[in-house]
Amino acid sequence: NLVVVKKSLLGKINRKVPTILDYQQHIAAGSLMNTPPVFAVYVSMLTLEWILSEGGLAEMGRRNQAKADLVYQTLDQLPLFEARVAREDRSQMNVVFFLRDPNLEKSFLDLCKNENMVGVKGYRTVGGIRVSLYNALPYSSAQAFTGLMRHFAQKNG
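In our numbering, the protein residues as written are 116 to 272.
Since the hints were made in silico from the structure, they are not lab data.
Check each hint, because a few of them may be wrong.
Once the Cα atoms are required to be at most 27 Å apart in a straight line, the calculated DSSO-like pairs of lysine-lysine come out as [unchecked claim]:
id, residue 1, residue 2
1, LYS270, LYS236
2, LYS221, LYS236
3, LYS228, LYS270
4, LYS270, LYS221
5, LYS131, LYS121
Generate the whole structure from the sequences, applying the supplied hints.
So, in structure tokens, the structure goes:
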């Protein structure tokens, strides 16, 4: 961004503004009020370039819907699991569900861990299971997870 300020106006603020919005402070600091988050900006650029190279937002949306559909269809088919979120409110990104028998949750989480599927334990105040289907997660990972769900349901259902 570029800001052009008439010097005679600098310092004539008659109300308190945050330092980040005070152009006199920027000039005094040589326009470096804070260190830009260079690494975060760089990673964001790489991520956006990757999204474009993969077909853009429409393609990401299609892929994410396919992954979510697969997991939700599996949930709806297996009575051992319970998706408590109404169908019209279900997230494409984070699929939250519970085991109908809470005593089986630890066994399911242990199985996930043994299969290197980590980070699926639900939020600490809510519990249950939360599967994140982020953009970079391939469809094959959703397939592997639903396969694990089916295997667990066969053994415990």
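Hints versus structure:
1. With a C-alpha separation of about 20 Å, the suggested pairing of LYS270 with LYS236 holds against the 27 Å cut-off.
2. With a C-alpha separation of about 9 Å, the suggested pair LYS221 and LYS236 falls inside the 27 Å cut-off, and the hint holds.
3. For the suggested pair LYS228 and LYS270, the alpha carbons sit about 17 Å apart, so the restraint of at most 27 Å is met.
4. Between LYS270 and LYS221, the direct Cα distance comes to roughly 15 Å. Compliance with the 27 Å bound is thereby established for this hinted pair.
5. At roughly 19 Å between alpha-carbon atoms, LYS131 and LYS121 fall within 27 Å of each other, so this suggested pair holds.
Every hint from the earlier list agrees with this structure, and none is contradicted.
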